[in-house]
Amino acid sequence: MSKYLVDKFLFTVDRDPELVERYREDPAGTVEWWENEKANSLLNCHAGEASTWLSFTDEERRALAEHDHVALFELGAHPFLTLTLWIAMFERDHDEPLGMQLDYARRLQHFSLPYPDITT
Amino acid sequence: MAKLVAILATTHHPFFYKTSLLPPEEAPPFAAEWVRKVEAYRATLTAARPDVLVMVGSDHFHQLWLDNMPQFLVGKAPFYDANYYNEEREFGLPRLLLKGHEELSAYILREGIDREFDLAFSNELRVDHSITCPIITVRPQNDLPVVPIYTNIFAPPLPRPERFVKLGRTIREIIDAWPSDLRVAVIGTGHLSLELGGPRQFGPHGPDPEFDAKAVEWIANGDIDGCLSNVTLDSLHAPGNATHGFMDFMLMMGIAGHRKADYADNLDLFHTMEAYFTWYPEGDPR
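Here the protein sequences line up with chains A and B, keeping their order.
Numbering follows my numbering, in which position 30 of the first sequence is assigned residue number 30; successive positions increment by one, without gaps.
For my numbering, add 1000 to where a residue sits in the second sequence, where the first one is 1.
Take the hints with a grain of salt, since some may be wrong.
Derived contacts from chain A toward chain B, CB cut-off under 10 Å, selection only [what the hints assert, rightly or not]:
#1 Arg15
#2 Leu83
#3 His94
#4 Asp95
Since the hints were made in silico from the structure, they are not lab data.
Heads up, the beta-carbon is just placed ideally off N, CA and C, and yes, glycines get one too.
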């Protein structure tokens, strides 16, 4: 499990307008590039320093590469991060106000309490 | 000593700003009542004539991140830029610049640490909508210096509810002891029941109206003991997966102490219930 890294992906993509569009258009390619080039960047540190050990599990990589927000919820990705990024990418595809958010919730209806643990 | 002239505890709803600017023909049916209630609430702060605002909120994974996550953090800067790209994108919130009050920030940090809260601090903090929503609603002229205090209600492991109440009590002691002739107001924002990114989100009401009704009673009556006997870190999952933001209300109850609010109002909206409370420790100036 590398919930932290999944959250780090969602966090770093969501805060960058170009990455939001890139992830929307090419999810698999963006995930592969990000894991190779960005996963080990220390966000609040000197640019020359990095971690050496972070990588996704196969299931995490697949969920991100397929825009599978249901699987991300199951894996314990932070739901605020997933929702915020999904609104940025997909709200534009829905005509009704809150249509995207309600569809997002409908796909999660089979979950009951307790929800998957989001502790990193 | 400084005077604590008002304590405001409220929800922060990032869609209020955009909704309040819509022309009547485009506004949703609840907009007019929402604006009216917010303006009435604003008057409770105006009447207290504060000089400086201590503002309690929570960073939503903007500047504070999981590589280095503080539980409680006090801003100590002369200015605070405010709101982020993704808040402009999602909520239409404006960029703002708030003035800081470094003397009070330093006093709260020193005294808080000495009173057994090992507070984190930031000399370069960009605040988000948990702080700017109440600026927009209750002090839109944005003319007063602020001290932001951030709590972690977002990234487990979280401090327990009792700790939030205790921090509130400590903040109250510190402000009451501050050697200053300034008039201080504390404004804190949190949530009632709330679901974000889960199956119960964006329903016609908050995800747990029964919890909301009880929460409003606890706050309005200053019923800290009743609240603490019903609310735990685990129990807060049940009303909605983002309901741990209620602990910021509990912090504000700690500041106010065991007394009824001088002003209490709420508004049932889609997705969440809005709530507005004010206490006047120095007497009601209205």
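Status of the hints after comparison with the structure:
Using the Cβ-Cβ criterion of 10 Å, the hint placing A/Arg15 at the interface with chain B is satisfied: the shortest such distance is roughly 6 Å. Taking 10 Å as the C-beta cut-off, the interface hint given for A/Leu83 holds, the closest approach to chain B being about 4 Å. For A/His94, the shortest C-beta to C-beta distance to chain B is roughly 12 Å, which exceeds 10 Å, and the interface hint is violated. Using the Cβ-Cβ criterion of 10 Å, the hint placing A/Asp95 at the interface with chain B is not satisfied: the shortest such distance is roughly 16 Å.
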